Amino acid sequence: MTTQHAEEVQAAGEHAVDAAHGAIEEGFNAGEVIIEHVSNSSLDHPIVQLPHIAGIDFSVTKHVMMMWLVSGFLFLVITMATRAYLKQDRRIPSGFMNGLEWLVQSIRDSIVLPNVGAKFVNTWTPLMLTLFVFILVCNVVGLIPMFETLGLFDRFVLGNSHESESLINSVLHGGTTATANYNVTAALATITFFSIMIAGTMAHGFIKHWKNLVPSGLAKPVYALLIPIELMGMFVKPFALTMRLAANMTGGHIAILSILSLVFLFAEIFTSAAVGIGVGFTLALPLAVGISALEIIVVMVQAYVFTLLTAVFIGMAINVHH
Amino acid sequence: MPDPNDHFLARSFEALQENVRRAGPAASAGYTLIGAIGVLGGVGHLIDRWAGTSSPWFLLVGMLFGVVVGFYELAKTVWKK
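Going line by line, the protein sequences match chains A and B.
Every number in the working numbering is 164 more than the matching position in the first sequence, counting from 1.
Every number in the working numbering is 1 more than the matching position in the second sequence, counting from 1.
If you're looking for bench data, these hints aren't it; they were derived computationally from the structure.
It should be emphasised that the depicted structure is a prediction, and the values quoted were computed from it without experimental measurement.
Don't take each hint at face value.
[As the list claims (entries may be wrong)] With a cut-off of at most 27 Å between alpha-carbon atoms, the simulated BS3-like pairs for lysine-lysine come out as follows:
hint : chain 1 : residue 1 : chain 2 : residue 2
1    : A       : 375       : B       : 77
2    : A       : 384       : B       : 77
3    : A       : 283       : A       : 375
4    : A       : 384       : A       : 283
5    : A       : 251       : B       : 77
6    : A       : 372       : B       : 77
7    : A       : 372       : A       : 384
Generate the whole structure from the sequences, applying the supplied hints.
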C-alpha cells in the first residue's frame, strides 16, 4: 500500500461508510465488518439527527429506531386485537387473539404465580408481560434480515449505488437487535431494580422491606458483614440480568457473521471466488444455518429467563423467608 | 379429536419450558458471580480514576469484594430451600 493511498484512506476515515469501503479495497477486514454490524450507529451519523436537549443527544440511532419500531408494532397489534375481541359478542377468542390469550395465561400461571404468589399476581403480571413481549420481539426482529433484504432491492432493482443518499440506504443498517445494546438491557434491568423495591414496599411497608434484606436474629458482628454484602448484591443482580441478555444477543450475531466471513477470507487467501463459494456451500452455510436455528431457541430462552428472574427477584422481596 | 396436549411439539415445548424454569436460578447465580466482580471492579476503577491513585488498589479491593458478594449470592441460591 503506497503512502498516498494510506493518506487517501485516512482522509476517508472520517466517514464510517467510506472507511469500511477503504478496508474492502485493501482486503476484507472481518473484524471491522462484524463490529460495524453489531454496534450502534455512530453519533456522528445517526439515522435522524435531532438537537441536543440539556446536553443529551436525542438523535435516533439504529438501536433506538428498532426499539421504537418494535414498541409501535406491539402497541398497534395488541391494542387492535384486544379491541376487536372486546367488540365482538362471542366470548371465545379466535385466531391471533387465541394465541395472545394463551401467552398471557401461560406467563401468569407459569412465571408470575409460582414466584410472586396469589396475592400480588395481578399486580405484577402486566409488567412481566410487557418485559417478555418486548424483549422477545426485539430479539426476533434482530434475527430477521429485513433491512438487508431491502438493501438488495435498493441496489439491484432500483439500481442505487451504496453511497447514494436514498432513504433506504440511510436505514439500511437498522436491522439489528436492540437488546444486544447494553444500554437497552441496562434500562430494562433498572425497571427490575425499582420493581423489586416497590414490590417489597407494597407487601411489607417501606422500613420492613429494608429490614427484610438481611435475616433477623443473628449476632451483631455478622450484620456488619452482611449488610454491605446484601446492599451490593442488590445492585449486582440487575447488572447480571443486563449482561446476560446483551451478551447472548451479541454473541449469536458475532458467531454467525464470523462463520459467513470465512467465505470472503478463503476467497482472498486463494485469490479465487470459486474456493470461497465452495467453502461457503460446504462449511459456512450449513454452520450458519445451524447456529441460526440455535439462535431461535436462544432468543426465546433469553426473553423467558429475563422475565422469570425478574419474577423470582420480585417474589423474593415479597415472600421473605429466612 | 386428539388431545392437543399430546402433540409432540406441545410436549417438547413444555419440556423446554420446564428445563428453563429449573435452570433459571442456576443461570442467575453464574452470571451474578461474574457480574459482581465486574460491577464492583468497575466501581473500584472509577474510584481509582477519581482519586488519581498511582496503583489500582481500589480496583483490586473492588474485585475482591465482587468475589465475596458473588459467592454469597451463589451460596444463597445453592442452599435455598
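Verification of the hints:
no., hint, verdict
1, A:375 <-> B:77, "holds (17 Å)"
2, A:384 <-> B:77, "holds (20 Å)"
3, A:283 <-> A:375, "holds (21 Å)"
4, A:384 <-> A:283, "violated (34 Å)"
5, A:251 <-> B:77, "violated (49 Å)"
6, A:372 <-> B:77, "holds (21 Å)"
7, A:372 <-> A:384, "holds (19 Å)"
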